[in-house]
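K.L.:
I would like the entire structure built from these sequences, with the hints used as guidance.
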Amino acid sequence: EVTRDYSVIEQSGHTEEIEALYEELKPSGILQFVRSGRVAITKSIEEKVSAFLEEVEARRFGSEEML
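Mapping to the working numbering: the sequence shown position 54 is 54, numbers consecutive.
Do not take every clue at face value.
Restraint ranges, calculated between C-beta atoms of paired labels, are given here [claimed, not checked]: (1) Ser-36 to Arg-60: 15 to 25 Å; (2) Pro-27 to Asp-5: 12 to 22 Å; (3) Glu-46 to Arg-4: 47 to 57 Å.
Since the hints were derived computationally from the structure, they do not count as laboratory data. All of these numbers come straight from a predicted model, not from anything done at the bench. By construction, the Cβ of each residue, glycine as well, lies at the ideal position given by its N, Cα and C atoms.
P.N.:
Here's what the structure looks like:
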């Protein structure tokens with residue numbers, strides 16, 4: 001959305017892409033910058049995505065503890 005007073009920009013992507021956009025826009029005088037986490041939408045009655053993401057996070061944090 002672009003008006004005389006403000007513009008709204010939306011970007012989807014990986015963390016690096018979002019951070020690159022922020023750095024590119026920073027000289028323009030950003031008033032607000034919002035970033036969300038993962039978003040997943042399923043058609044399944046049974047919630048499998050949450051269990052999968054919990055497993056991925058557990059493996060990720062488990063491997064960091066070993067370092």
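K.L.:
Do the beta carbons of Glu-46 and Arg-4 sit within 47 to 57 Å of each other?
P.N.:
Hint holds: Cβ distance 49 Å, inside 47 to 57 Å.
K.L.:
Is the gap between the beta carbons of Ser-36 and Arg-60 within 15 to 25 Å?
P.N.:
holds, 19 Å
K.L.:
Taking 12 to 22 Å as the hint, is the beta-carbon distance of Pro-27 and Asp-5 inside that range?
P.N.:
holds, 19 Å
When held up to the earlier numbered hints, the structure conflicts with none and fits them all.
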